[in-house]
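Peer 1: Sequence:
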Amino acid sequence: MPPHWRGQLTTEPDAKGLLPSSWTSEGKDDGDSGSWIDRSERKITQFYQRITGTVPNDRIAQALFDEGQALFAQGFYVEAAVRFEQAGKRAADSLLREDAYFFAGESWFYADRYPKANRCYDKVLNRFDYTRYLDIIVRRKFLIARYWEQVGIDIPLLLSLQFLDPSRPRFDTLGHAVKTYASIRTHDPTGPLADDAVMATGSIYFRKGRYGDAAEEFKTLRKEYPKSEHFRDALLLGLQATLASYQGPAYDGKPLEEAREITFQALRLFGNELGEEKDRLEELDRQISEALAERDLALANFYEKKRRYGAARFYYRAVLEEYPLTMAAQRARERLAAIEGFPDRPPNYFAWLESVLPSDRRR
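In this text, residue positions in the sequence shown follow the working numbering: the first is 1, and each later residue adds one.
Note that these hints are calculated values from the structure, not bench results. Please note that a few of the clues may not be correct.
[As the list claims (entries may be wrong)] Here are the computed lysine to aspartate or glutamate pairs in the EDC-like style, where the Cα-Cα straight-line distance is at most 20 Å: (1) K89 - E67; (2) K219 - E258; (3) K305 - E340; (4) K227 - E261; (5) K123 - D58; (6) K219 - E229; (7) K89 - D129; (8) K116 - D93.
Build out the structure end to end from the sequences listed, making use of the hints.
Peer 2: Spelled out as structure tokens, the structure:
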């Protein structure tokens, strides 16, 4: 109740009998504490529970839970899931509510209703921070995500809408797989499947041509899970994804620099294990050096065309010093010789105008 209302309301109804007796001058409602807004929200929740028959009652919740267990044991998984969810809604005891939603997820899982199972598992993870079912739920969610990935990877987004298969989402099956992998890493970042989830997400992005996103996922795996069994694959696929995200010498060269670093790391850590792949990486390293040299050469050409020969010489020399064995170095050497003796800056053709203008107009 807003403070300025206090003292204006009494426990007695007004002259017309319209004042609710629960409004008191102390601003309290049957012993409730907290703000006026909080009490109002509780009243709305309680009213909704009364009219829908979902007022918390552990006795009713336990009976529904027991029914669900009996149905589950007989293999009636859909019916069991319904009972468990009802028990979760009616339970006041947090442990009973946690058990109910977990077993609802298990029932939907065994009924091959994976979207509903995933929803119930998320309720457990989001409402019970230290749930004792974490390991089981993570394994279940990984299996669900893997299934959705395999089903949805070749389905275009616009064709992914479906209403006949209850084992996958109505729309964007692959997108739900990615979200489920992310949920695994969020709720169990140090668990045994966290790196698998990151690797799977990166692989999805790679196969769908989202190379920038794929490179970030592989980079995350290398940084946060250096002991992962996927580390080597994350290096090699991350290298390909990083190079594929490079758009050319006119664009940002950061992908090239990262690719060169990844190549060096791969050769240093796994050079003796790569076999023929080692020769390919060494050739790739040469190509990356060539591309980096081309970037500096392009800058030098730009300044040369602007007749800013000092800046052009700077970049031509940088190519010679940093990438002496590249084809770009040979072209840089030729251009340096061609512009030898040229002034660093173009001549000022308007110098005569400055001489005739007053000194205060030159500023």
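Peer 1: Of the numbered hints stated previously, which ones are contradicted by the structure, given in increasing order?
Peer 2: 8
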